[in-house]
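K.L.:
For the protein sequence lines, the chains are E and R, in the order given.
Counting in the numbering used here, the first sequence runs without a single skipped number right up to 131 at its last residue.
Counting in the numbering used here, the second sequence runs without a single skipped number right up to 290 at its last residue.
Where hints are given, some of them may not hold.
What the hints assert, rightly or not - Here are the simulated lysine-lysine pairs, DSBU-like style, with alpha carbons at most 30 Å apart:
#, chain 1, residue 1, chain 2, residue 2
1, R, Lys164, E, Lys43
2, R, Lys164, R, Lys181
3, R, Lys54, E, Lys51
4, R, Lys67, R, Lys102
If you're looking for bench data, these hints aren't it; they were derived computationally from the structure.
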Amino acid sequence: MFHSRILVASSVLVLVPACASTVLPQQQLMDTQGAITSAEELKGDENPDAKLHLQFAREQLAAAKEMMANGDEEEAERMLDRATADAELALTLARTEQLRAESREARTEVNELRTEGVEAGTPATTTASSK
Amino acid sequence: MNRTIPTSIFAVSLLSLACAHDPSKELVSARRTYETAANGPAAETAKTEVYDAKKALTRAEKAHDRKSGSQEEVDLAYVALRKADYAIAYSTYLQYQSNTEKAKAEYLTTLESQKNNAQDQLADTKDELEAKNKALMAAQAARKALELQLVSALGSLSEMAKIKQEEQRTVITLNGAVLFKSDETQLLPIAKEKLGQVADVLKQYGDQYSITVNGYTDSRGSDVHNQQLSQGRAESVRSFLVSRGVAEGVVSAIGQGEAQPVADNKSAEGRANNRRVEIVVDRIGTPEAK
Numbered sequence: 001m002f003h004s005r006i007l008v009a010s011s012v013l014v015l016v017p018a019c020a021s022t023v024l025p026q027q028q029l030m031d032t033q034g035a036i037t038s039a040e041e042l043k044g045d046e047n048p049d050a051k052l053h054l055q056f057a058r059e060q061l062a063a064a065k066e067m068m069a070n071g072d073e074e075e076a077e078r079m080l081d082r083a084t085a086d087a088e089l090a091l092t093l094a095r096t097e098q099l100r101a102e103s104r105e106a107r108t109e110v111n112e113l114r115t116e117g118v119e120a121g122t123p124a125t126t127t128a129s130s131k
Numbered sequence: 001m002n003r004t005i006p007t008s009i010f011a012v013s014l015l016s017l018a019c020a021h022d023p024s025k026e027l028v029s030a031r032r033t034y035e036t037a038a039n040g041p042a043a044e045t046a047k048t049e050v051y052d053a054k055k056a057l058t059r060a061e062k063a064h065d066r067k068s069g070s071q072e073e074v075d076l077a078y079v080a081l082r083k084a085d086y087a088i089a090y091s092t093y094l095q096y097q098s099n100t101e102k103a104k105a106e107y108l109t110t111l112e113s114q115k116n117n118a119q120d121q122l123a124d125t126k127d128e129l130e131a132k133n134k135a136l137m138a139a140q141a142a143r144k145a146l147e148l149q150l151v152s153a154l155g156s157l158s159e160m161a162k163i164k165q166e167e168q169r170t171v172i173t174l175n176g177a178v179l180f181k182s183d184e185t186q187l188l189p190i191a192k193e194k195l196g197q198v199a200d201v202l203k204q205y206g207d208q209y210s211i212t213v214n215g216y217t218d219s220r221g222s223d224v225h226n227q228q229l230s231q232g233r234a235e236s237v238r239s240f241l242v243s244r245g246v247a248e249g250v251v252s253a254i255g256q257g258e259a260q261p262v263a264d265n266k267s268a269e270g271r272a273n274n275r276r277v278e279i280v281v282d283r284i285g286t287p288e289a290k
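I would like the entire structure built from these sequences, with the hints used as guidance.
P.N.:
And the structure:
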């Protein structure tokens, strides 16, 4: 009975690293996929730079999965790192594009408000530099 | 020939060695992009991201040192390049974020300032309106008081004068016998008393009135005499009004002689009616409140 327990425990110890090495790091995989999805939701495909890196991320993610399936673990993990880096870059580029539009709109609103104030004879007394 | 072959082999070997140590194009790009990030705005605004890029570049450099041109070097350099790109992009993101926040804050400040200015202007306008209303009410009250005084003064003349009031004009017709002795231009005391009450009201209007004193006679006597007599009587009334404070510039005197009779000169009664003085008061504007 005792020997059989050791045998079972040993089998588990052997199997755990075996299982861990046959799949990509799950958290990183989810983060990467999440970044890709977020970039897509932010219309990253409409920005040329973001679109390019989104495409790289998707291709490299697929390649990493294929490499892992083929047993090329180290290469698969490095490919996943590449995919992650591209996905995060694509997401930031998409966010930047969105924020650029917001910034421009906010500045336009300030300028319109100032113009309306002058026309209404109630110009703002504080002056701030326009960007 | 024997010397040429070894030389070529040596050259090719050297070339091979040089190629073996050349960094991958990914590593070259990663180094260049990292330098851009480390020497640009990102160095200040995205320090953590630049540091991550530096760490990634260091790993790629070590891979290069271990085995130049290896797939590991290429992959790690690729990641380093993207992390450097990321640091620059993130710095730009932060810049836009800052610009947006500034613009939004400026919008609120501007709105608040304009609101305050509008409120100030509104308060000023209300004050001005209130002051104008007060002035208008005072002027109306003064006007009303003067009108009452004038009516009262005219009322005192009713026994000796005929009064015709129109919108902008009042015509006071005084019988010559009440004002003057026969063939004289000197005002009788009773006439002075009554005309004095009218003058007290008219003088308060300053130049808001135009007053014309017309003197008339009957048809008896020569035209020249009648003209002189009517002119003298008109002048007499005018002088009296001026002496009682009516502005000199607004009163004029005209001797009309026997012109414009109001009754038949053949009867004694008609001639009596024709001997008269008319005070025509034309209102020009609203009197100032005193």
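K.L.:
For the pair supplied as a hint, Lys164 of chain R and Lys181 of chain R, confirm whether the alpha-carbon distance does not exceed 30 Å.
P.N.:
25 Å, holds
K.L.:
Starting from Lys164 of chain R, check that the Cα of Lys43 of chain E is at most 30 Å away, please.
P.N.:
89 Å, violated
K.L.:
Could you grab the alpha-carbon distance between Lys54 of chain R and Lys51 of chain E and see if it respects the 30 Å cut-off?
P.N.:
25 Å, holds
K.L.:
Holds or violated: are the alpha carbons of Lys67 of chain R and Lys102 of chain R at most 30 Å from each other?
P.N.:
Status violated; Cα separation ~50 Å.
In the structure shown, a violation is registered for the earlier hints numbered 1 and 4, in ascending order.
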